[in-house]
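Take these sequences, add in the hints, and give me the full structure.
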Amino acid sequence: MRPNRRLFLGGLAALALPRPSWADAGSPAWLAAAKEGEDYCLHGLSESGESLFALPLPARGHAAAAHPEKPLAVAFARRPGTFALVIDCVTGAETHRFSPPPGRQFNGHGAFSADGRVLYTSEVVAEGSEGRVGIWETEGFTRMGEYASGGIGPHDLKLLADGRLIIANGGIQTDPTDRSKLNIETMRPNLTLISKGGTVLEQVTLPDLHQASIRHLVLTATGVAFAMQWEGDPAEVVPLLGHWVPGQAPEHYAAPEGEAERMKGYAGSIARASDGRLAISSPKGGVVQVFDAQGQFLATHARADVCGLAALGPGFVTSDGAGGICALDEGLRPLAKLDLAWDNHMVAL
Amino acid sequence: MRALLLTLALLAAPARADIAEAVQDHILPGMAKLQASAETLRDAGNTCDTKALQDGFHATYDAWMAVQHLHLGPTEEEGRGLAVLYWPDPKGMGAKAQMALLKGDPAKLEPEAFAEQSVAARGLLALERLIYPEKPLPADPCPLIAATTADLARVTGEIAAGWQDYAQLLTTAGEPGNTAFLSRTEARQALFTQLAAGLETLNDGRIGRPLGSFEAPHPERAEARASGRSLRNITLALSALRDFTESLTPDAPQTLAAFDAAIAQAEAMDDPILAGITEPQGRLKLEILAQSVTRLRELALSEVAPEMDVGIGFNSADGD
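Residue numbers (the numbering used here), protein chains in the order written: chain A, 113 to 461; chain B, 7 to 326.
Worth flagging that the hints you see were computed from the coordinates, not collected in a lab.
Note that the Cβ used here is the ideal one computed from N, Cα and C, for glycine as well.
Don't take each hint at face value.
Examples of chain B residues toward chain A, derived with CB under 7 angstroms [to be verified]:
(1) C54
(2) P80
(3) E82
(4) G85
(5) L91
(6) P94
(7) P96
(8) V125
(9) T185
(10) E192
(11) I318
(12) G319
(13) N321
(14) S322
Here are the simulated EDC-like cross-link-like pairs (lysine to aspartate or glutamate), alpha carbons at most 16 angstroms apart as the crow flies [unchecked claim]:
(15) K293/A / D324/B
(16) K449/A / E148/A
(17) K376/A / E313/B
(18) K308/A / E369/A
(19) K376/A / D171/B
Here it is as structure tokens:
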């Protein structure tokens, strides 16, 4: 079935439009990296969790960035990343592949500008983990430049509508060759707001939670919600979700006692539903926790090795290490299951 | 005839044995014993007889150690597991909250109000502070003891009852309508994860927290020192995980032998509250035990996991 569908969709798009748009892409709703046997791959998924295309990855993937208009996306290697693949989401074919310049490593996330002409990538200087934002044009994906991310070990980054950028500097210095953490006692993560030109406009830290690595972001109506990973004493239970409106102090959204512990100090992904609810996932705890838009805890949902999260309908969708894709609203409802392990993120297209 | 058919069915489908046996032989009996011992302890709480309380405390703690590695379903929901045992508590939140209860409004000791108190102020270690006090208590502890033991009986009763239903989800994994476990592999994976995680948390927690570093050992961080249970809990955790492993697969000889060796090491330590780890000899023994547990986890992954056709969770194994 799959090749036929792909052929059909590809053929249709080629006939109908010289420059296909997202509407022609057979509606892959998400991109998700996976491990299939011993191989790594990337799937385009429909809203029912069906795989519309799959392509091999040279190594383990992490997240991706979707072009705002054209049906193309860039998938990033897991940090320390050496590759990014540009994917035609109509055919599922890889159209470009690019690498960070010498001495830089991709950190798994990136974002397109609103007009799609520029791609920003989260990077580190390999020695020392100083953060950089890589700037790429998107015709041939050549590098145009870079600027400082404003911290150590940046991870996720998001573009605001006006072109300013918010980046989560996770604060962790890692060994350039493996992933060992070198500065847990002194780490100091931050959220940084950067102008289109690369000037740091504002920066906030978490004084009480300097060992909470800020890693993943989702835009909200007024700012950005952030998910954290606790590197301090595991016996200490800390909030793993927060919200920052530039110009104000960041707020923490805490789950109540008895529920907070279930996250095991680790939030792996974050998503925002159409009604403003926020969800964070913990593969280590095998749970997703949902909060309302004001940060009130709503519920914990259990699913082993769950990590990928995105919005779906009125609620969310999850992916997990057992190959499951589940809808999540009042409860978890399995949509599909493949014989593979879904990796950290589901990226909405 | 029925027995024969059942035997044949089991022979024909050996993969079914692991889930059903773990449930029947390990999980449900353990939960029933936990509930029963907590009920006996509650009765002792009503009389406030010290000897009966201490006996009941140890029996309930022992029963908890037999199932505490099962961080699933009803044990995890509503903070129940934490309400049985809140440890570690590095900031001493439990003692502070409990002191307020001891000297405060008796209405807070009514069952419904008490159930709303912090998990740090409830459970086995809360009871330990009352029946093995380090210094004289500022008020009569009997009302708080009665409330604490009644709450333990309630919570363990909920855990045991919840596990009856959750066990059904495990044994019917992959069947239509079971949205908790979409395949039998998922149920086996969930069980194996408890084994691997149980070994990891034993090393990080009960062994690792007191062990600290060579320069800075922390015997005061050991679990349940006042009642002299620190080493006993380590031994019991190992025995429980051994029993669990045996129920999961009959074919893990290396892992079971390594469990036996580790249990023997623990039993030979003769250091009930790990006070000896400040001396090089005593420390070495606990370090060797820690290495044995590390090795046990590796064996579980290399021997038990393939037998069960599972692995370690892809996303939970490392972070990003």
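Evaluation of the provided hints:
1. C54: Constraint on C54/B not satisfied, violated at 28 angstroms.
2. P80: violated, 11 angstroms
3. E82: At 6 angstroms from the nearest chain A Cβ, E82/B passes the 7 angstroms test, so the hint holds.
4. G85: holds, 2 angstroms
5. L91: Hint on L91/B: violated, closest Cβ of chain A at ~12 angstroms, above 7 angstroms.
6. P94: Holds. Min distance 4 angstroms.
7. P96: Holds: closest Cβ of chain A sits about 5 angstroms from P96/B, inside 7 angstroms.
8. V125: holds, 6 angstroms
9. T185: Cβ of T185/B sits 6 angstroms from chain A, so the hint holds.
10. E192: holds, 5 angstroms
11. I318: Since chain A brings no Cβ nearer than about 9 angstroms to I318/B, farther than 7 angstroms, the hint is violated.
12. G319: holds, 4 angstroms
13. N321: With a closest approach of 3 angstroms, the N321/B hint holds.
14. S322: With a closest approach of 4 angstroms, the S322/B hint holds.
15. K293/A / D324/B: With Cα atoms ~12 angstroms apart, K293/A and D324/B stay inside 16 angstroms; holds.
16. K449/A / E148/A: Since the Cα atoms of K449/A and E148/A sit roughly 13 angstroms apart, the hinted pair holds (cutoff 16 angstroms).
17. K376/A / E313/B: violated, 28 angstroms
18. K308/A / E369/A: violated, 41 angstroms
19. K376/A / D171/B: violated, 25 angstroms
Taken one by one, the earlier hints fail for this structure at numbers 1, 2, 5, 11, 17, 18, 19, listed in ascending order.
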